[in-house]
Amino acid sequence: MSAKTRSARLTVLGLTVPGLLGLAVSFVLPLAWLLRMSFNRGDSTGLIEETFTLDSYAQFVGDSYYWDMAWETTLLGLGVTVLTIVVSYPIALFLVRTESRFKGILVALAVAPLLTSSVVRTYGWLVLLGNQGVVNQALMGAGLVDQPLALINNRLGVYIALVEIMMPYMILCLLAGFGRFNPELEHAARSLGANRWRTFWRIVWPLSMPGVLTGALLVFVLTISSFVTPRLVGGGKVFYLATEIYDQATATLNWPFAAAIAFILLALFAVVIVIYQRALRRIEAQ
Amino acid sequence: MSFLQLDDIVKEYPGTERPSVADFTLGIDQGEFVSLLGPSGCGKTTTLRMIAGLIEATSGRIHLDGKELTRTPVHQRGMGLVFQNYALFPHLNVARNVAFGLEMRRTSKAEARRRVEEALDLVRLGHLSGRRIKQLSGGQQQRVALARALVIEPSVLLLDEPLSNLDAKLRDTMREEIRSIQRKLGITTVFVTHDQDEALAVSDRIVVMSEGVIEQVGTPEQIYEHPANRFVANFIGRANLFDAEITHTANGVAELDVAGLGQLRAVDDHGAKGPATVLVRPHRMQLSKAAAGDAHGTVETVVYVGDSIEYGVRVGDATVSVQSVAGAAERLERGASVRLSWQAEDALVLT
Ligand SMILES: Nc1ncnc2c1ncn2[C@@H]1O[C@H](COP(=O)(O)OP(=O)(O)OP(=O)(O)O)[C@@H](O)[C@H]1O
Ligand SMILES: [Mg+2]
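If you read the protein sequences in the order shown, they are chains D and B. Under this note's numbering, the letters of the first sequence match residues 1 to 286, in that order. Under this note's numbering, the letters of the second sequence match residues 1 to 351, in that order.
Please keep in mind that the hints were generated in silico from the structure rather than gathered at the bench. You may find that some hints are simply not true.
Computed spacing ranges between beta-carbons, pair by pair [what the hints assert, rightly or not]:
| # | chain 1 | residue 1 | chain 2 | residue 2 | range |
| --- | --- | --- | --- | --- | --- |
| 1 | B | G130 | D | R278 | 22 to 28 Å |
| 2 | D | R278 | B | E56 | 52 to 58 Å |
| 3 | D | R6 | B | P39 | 55 to 61 Å |
| 4 | D | F200 | B | E153 | 23 to 29 Å |
| 5 | B | P39 | D | V17 | 19 to 25 Å |
| 6 | B | K134 | D | T116 | 56 to 62 Å |
| 7 | B | D121 | D | F200 | 30 to 36 Å |
| 8 | D | L156 | B | G130 | 46 to 52 Å |
| 9 | B | R132 | D | Q277 | 19 to 25 Å |
| 10 | D | Q59 | B | R132 | 51 to 57 Å |
| 11 | B | T25 | D | A176 | 44 to 50 Å |
| 12 | D | V28 | B | R113 | 51 to 57 Å |
A few chain B residues facing chain D, derived, Cβ under 8 Å [unchecked claim]:
| # | residue |
| --- | --- |
| 13 | H75 |
| 14 | H91 |
| 15 | I152 |
Here a beta-carbon is modelled for each residue, glycine too, at the ideal position from N, C-alpha and C.
Okay, chain D solo, but in the shape it has when bound (with noise of 0.2 Å):
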């Protein structure tokens, strides 16, 4: 090996090793502790005792409770991202073929919400859907309802601020992931015969793809991690397995069991991202 190669290895072990050992310090040390204290068991009084025993994960799968919330929490994550690809695209798009001067401005716009914290944007959905709430006021203004609509303190209220607060992050996965796409690409199957329709389901969303599955991912996976928002919109009524790790950690002190469900949504998020692979794999084959 050459002096030169020893060197460029030496620079490329200085550079990468302090950004491992800080993973290692903050990620897979606590991850390692977090494992180890979901085999310990725990009760409701708080007592911790050091063993090694499946308790709390045959306390999840043994209770259809528990089944139910991971179900609601995949569903959540599903209709989350779902509903964003649909709010969001038509947005993005847009973006990618605009001439407009101000088409810096528009994406910044766009994803400017990511300036402020979710748990802003989460007590502004409150004030928002309440039943004293802007939507509600209008809408018995308007003379469409009498009563107030419930949309917070339910699933609908978790769901209408979940996408608000995920579209900036899909907005930015499908600008991104346009990247092959062009508007001249749209004139070519517009004069070879396409119609609107067919131009679009050929050639535009088959080319968004890599944007969509990233965006998908992405937003599923804050969402079934997400807790701010279940939490406050859900107003505890509601229960989520993030929400559930929260209750079992603070509430009930039960830290083996939420440590179990912690990985119970890690093998969640695994399962997710071994289909996001496959998917981008088959869609690079093309």
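Please build the complex by placing chain B with the ligands on the supplied structure of chain D, with the hints as guidance.
Coordinates of chain B with the ligands only, in the frame set by chain D:
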């Protein structure tokens, strides 16, 4: 009315002060190969896209084969388009790209397969039908784009600078190929280019444009030998333009008093007296050595380019280009005093 007839086409983009295309009237016959030629920004692409239906004309009418097209949407016009950047679908392979137009027409599978094969053979790419687009060279992509446009048997083939992304050698081969395919299929073609050599080499007729208007329409020969005005003379080939005073015209030949060169003659179709501009191509200029007192100017630059020698001769405060066949005449040095002249039939009076 011609096969493809454009009448008084105008395009004004919102927010621009003058129209990008104005009063564009042109008839194109069936099977004709017509080039739109002009400098960048003169409205060639805009015109082509209005024919294709990708851009709506602000006013004017387009007829194809006697039928009004102006309101027909793009996908029902049945024209074949080839774009400058080819616009091939990156997620489809070569054969699927070519088949796209047929699928949109719901052509039967068997027939589509046969026609795709034919089209790919036509552009000599039959062996690459399974390739992905990004595995093709620029020239090959160009051929796929051509095959994709031709396979739908378009009424008109529209090409927007199809060769400008290719290197010089390939450009020449491809333009011959496009022309021979066009002849073979007898397909009416509109070809956009800003390269005059390209336009001269392939076209039946050339439409010279500048700033959105047509300057001249004619065969390559007409355009080169009889440019309608200074713009065309300057744009097509190299040109020397002289200010002159017409003193007398008879039988299509004008007697001239040319600034700095004295009494000369030129072809004149106009027959008007007074000030005029005279066009003489550099290779039609005659150059001879002269005594200093008798000279028109001095040789300023001498460039040897193999086949010929190009002189820049200073006359007053203008520079005249002269191209002479190398070896045929005595070679002149820089600083030499010279006389300039031309044969009457080699010069043309412009309006
Ligand atoms: N979408 C648009 N909005 C406003 N002006 C436009 C638009 N497209 C083109 N133009 C203007 O119209 C004029 C003609 O443009 P066009 O693209 O037809 O030129 P071109 O002859 O094809 O030039 P090039 O050789 O550079 O391709 C230009 O001045 C251009 O700036
Ligand atoms: Mg152009």
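Hints, one by one, checked against the model:
{"no.": "1", "hint": "G130/B to R278/D: 22 to 28 Å", "verdict": "24 Å, holds"}
{"no.": "2", "hint": "R278/D to E56/B: 52 to 58 Å", "verdict": "44 Å, violated"}
{"no.": "3", "hint": "R6/D to P39/B: 55 to 61 Å", "verdict": "57 Å, holds"}
{"no.": "4", "hint": "F200/D to E153/B: 23 to 29 Å", "verdict": "26 Å, holds"}
{"no.": "5", "hint": "P39/B to V17/D: 19 to 25 Å", "verdict": "58 Å, violated"}
{"no.": "6", "hint": "K134/B to T116/D: 56 to 62 Å", "verdict": "41 Å, violated"}
{"no.": "7", "hint": "D121/B to F200/D: 30 to 36 Å", "verdict": "32 Å, holds"}
{"no.": "8", "hint": "L156/D to G130/B: 46 to 52 Å", "verdict": "50 Å, holds"}
{"no.": "9", "hint": "R132/B to Q277/D: 19 to 25 Å", "verdict": "21 Å, holds"}
{"no.": "10", "hint": "Q59/D to R132/B: 51 to 57 Å", "verdict": "52 Å, holds"}
{"no.": "11", "hint": "T25/B to A176/D: 44 to 50 Å", "verdict": "47 Å, holds"}
{"no.": "12", "hint": "V28/D to R113/B: 51 to 57 Å", "verdict": "55 Å, holds"}
{"no.": "13", "hint": "H75", "verdict": "5 Å, holds"}
{"no.": "14", "hint": "H91", "verdict": "5 Å, holds"}
{"no.": "15", "hint": "I152", "verdict": "6 Å, holds"}
Hint compliance for this structure: hints 2, 5, 6 are not met, and every other hint is.
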